[in-house]
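Trainee: Given the sequences, and given the hints that come with them, work out the whole structure.
Sequence lines, in order, name chains A and B.
Residue numbering for the first sequence follows the working numbering, beginning at 1 and increasing consecutively.
Residue numbering for the second sequence follows the working numbering, beginning at 1 and increasing consecutively.
None of these hints come from the bench; they were simulated from the model.
Treat the hints with care, since some could be wrong.
[To be verified] What follows is a set of in silico ranges between Cβ atoms, one per label pair, in the way DEER data are often shown:
#1 A:48 x B:584: 45 to 53 Å
#2 B:677 x A:273: 54 to 62 Å
#3 A:202 x B:673: 35 to 43 Å
#4 A:228 x B:552: 57 to 65 Å
#5 A:116 x B:570: 36 to 44 Å
#6 A:228 x B:672: 36 to 44 Å
#7 A:273 x B:689: 25 to 33 Å
#8 B:567 x A:61: 57 to 65 Å
All residues carry an ideal CB built from backbone N, CA and C; glycine is no exception.
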Amino acid sequence: MLRSLLLVVALPLCAATTFYVNIGGLGGQEDYETRFKANIEELDKLTKAAPQAKVFSLSGTAATKVKLKETFAQIAKEAKAEDNLVVTLIGHGTFDGVEYKFNLHGPDFSAKELALWLVPIGAKKQLVVNTTSASGGSLAELRQEGRTVITATKSGTEKLSTVFPRYWLEALRDPSADADKNEVLTALEAYRYAESKTTKYYETNKRLATEHPMITDTSSSNGFRTPDVTKGEAMVAMRTPVLVLGTLQNAAKTPEKQALLKQRETVEQQIDNLKLRKAAMAADQYRTELRNFLLQLARIQQELDK
Amino acid sequence: MRVSLIGIVTLGALLAQAPAPKTVKKIGKYDHTKAPRCWSLQRAGSLMEATGCFVALMGEKDPALKAEGAWGTGKYEEAMSEFELALKVHEGDPAVLIRFGELFAARFNRGEAVKLITQAMKLDEGNPQGMLAMAKLLSKGFDPKAAELAKAAAEADPGLLEARELLAQLALENTEPVKAGEEARKALAINPKSLNAMATLGTIELLQNQPTDQFDKILAINPSYGEAWYWAGHHFVLNRRYEEAIALYKKAVALSPSLWEAHEQLGINLMRTGKADDARRELETAYNAGYHSNEVVNSLRLMDSYKDFVSYKFEGGEVRLNKKEAAILAPYFEEEVRKARASYEAKYKTHLEVPLEVEVYPNHEDFAVRTMGMPGLGATGVSFGPVVAMDSPSARKPGEYHWASTLWHELSHSYILVATKFLTPRWFTEGVSVHEETMASPEWGDPPDPSTLMALRDKKFLPISNLDQGFIRPKEPMQIQLSYFQAGQTIDWIVQTYGQDAINRMVKAFAKRKTTVEAITEELKLTPEEFDTKVNAFMNERYGKAAESLKIMRDSIAASAKALEKKDFEAAAVEGTKAIAGLPPGAVLAYAYEAVAKAYLGSGKKNEAREQLRLYAKASGRNPETLKILAKLEEENGDKAMAAAALQRLIYISPVGDEDLHRKLGEYYLELKQPQRALPAFQAQLASKPVDPAGAYYNLAKTFVALSRPKEAQEALFQSLEVAPGFKPAQKLLLELENHSSKD
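Mentor: And the structure:
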């Protein structure tokens, strides 16, 4: 099931545009200014390299509330339903117990305001990655059916500076984050990578964790720390792409290759179905069938790569 | 007799059920003589008479005596409330405060005990009983002041038998058997039936592997005096002779089944030697009898957590690891145990008939409880003969602990203890262990830190004849650390000057009960004074210059750090270089190299930075991030072998929770065509719950292919592709393996 869903997502990517809005906030101190600037620069570099990407980068003095509002309004005009939207916030966030705000030059914007700016945008697959301190405080306002929201903290009360953005960026540049190796880094894969590294950072350094990343993709969920897709958790995030890697967009150029792609999809679906039946099967039978499918798939891929 | 016993118990029960109203009445002076008679009867084994005596006390009007009666019959709560009342009735009487304090001490509340006895001492500074009570309390923590107070008590009251008995015990704890014997004989002069003094004399003989009739004499006086064997066991534990201690504790509980502290110590030492089931039985016996000492409670709690551990057995050894990190650590621990065993058996010509057992605790306080029954232990490893308990690398912050060094250190004890028949002086076994750390790898030892260099400069080291005191009863907090360093240097010098054979000859000398002075005189042909002079000269030759330049070193490092902050890399390099100029890596504080390397990196001088970081590693620099930078610089320089060597160091420092380390290391080794070394690295990557399991299995598959283990390679590929069926490199390798096997 996982594979077939991904293919449904992945193949139209050739035509879809991904709108990236990379927002760098106010550092306040030299250390943070330097760090946020470096993070935004890296994020820009990674997203600009993605196929069919349209990148809006706003940081430093350019990142003002007015400018951001204009940017989202422009995207609302351009984005179609099949397009993707990825909004990433890097900086400081605050939460006063009621309202989350992202720190900018001039007036800050609130989670509620950001949610309003996103409403007119037609792209069905939306991802908001809020990597700031207290970002958990933005989750309730930003969550919406079908939109994936990732926050660095579980609540607005986790107010210390976060390491999550470091690992989120690492996920975007490290091919190993693409856990299923289908050349599409999904929101769930990137989240799992960054969450795992963040957790290990605190464990290894024997520090009390001051941030607990969360992910949600429904309008009602309070989010999951470690979502379990077998329980239906983070199913939208699993289908929401963050980056397309490799040469996937060039795959279907000839009729022969299109036929092979169809065959590949069939085998992949058979593998997914087999995996779903695994618990009810004898181990030997499962292995034999899986082995046969995997060999078939490998041979098809061999032909595709010729 | 049976009837009268029931009568006594019934009377006791009635008294317990109907306590007298707690009103404060002044009832005259506290009669200090009544209760000691009851306690003497109990000590002499006249239990019936003692019980009768205590019950009689419970019928007294004086709450201080009632308290003694309740205490003697095991009614501790009642004893406490009577003592509280007694404090009001006998306001300002230090004797009551002291006895109340002693009750608290006996019921595991050291804090209250210290408070009350201190209060008593303020009222009567020279009170012999007070000094004795405080000495007993301090002796539990091996505080050197205990002996001073016991001596003062004995001098203040020459008839105070317990003070002499305690002095004898303390002298023996201090490895001064002659003095212990003298004190024991003084106690016997006060009371020829002093069972504790006899126990000390007997223990001295047993520790020297000599026959003794002292315990027969004790039994003749009191056939159920298990305390004598309990104390003997205590001294055997201090001498690391755990199996013999266990036998003594067993005898103690057999003679005196309600001697709960003996059950406690028997349990703890059974646990130390890896006999968990027997240990639990003893500890539960004590616990169920209401003996809820911290040691008993902590140890039982720890044993409950053993279900989270898994055991790996192999030829000559066994490693027990917490399940959550076992798969990462097991191959590395096994390799080091095997290597250490082979090395020590050859070097010390000693074969251990039993496997070496290593227990590894990810929670430091669990290790502390495992070792002492109590949290708060500063050490990272302890050897109980062939059983070693130690901190896991995950128990410490990355960079502050080298687990392999600790493992070799502790396993060295296992051999020296056996080879010397457990008669080694402390300095010798510790010195050999410290020496062995650097024999395994010169980078594994701990180079002298600033305070050690200062001690060298200020000539603060102890003479060899007295070095054991630095371990057992340090006079200042730093002395233990200095003694480890000095002992290690001493063994380095002996090996360098006389060769390994001299060490082995000394081992044999100690096994024949030779003292340190005798061993040095006979085996090295040196007087202790000559020996001290030569070892000091050796240490000065190695580290004297560093000690003299300590101030320059520190000032330069500070100046370098300041320049780095200002991004003045040139100045940072110049200042940092001053700190290391003319000194070998082993004598330089590692962070000096780190500072210089950072300065070079800041100014883009990668080659120079790499050279400095190599020296940093040689100087036992252990910051994981710094060593990773070294690996990166080595890789950029095209030297994968050096890059792998840089990362390999981290396996011994911080291998848990760092999947990238294992992956990178495995990749280096595969590229270097060393699949046998890549295998544990990739296995550890997989065990680290990687974010990319498909990639981790694929790495493993490639390694198995390189090792010509196609079946395991196929299995690993199967796992990889099950996670990520479209993983192209894995698909390609799967087809290659299929083609290969179909040709076969």
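Trainee: Going back to the hint list, which numbers does this structure go against?
Mentor: 2, 5 and 8
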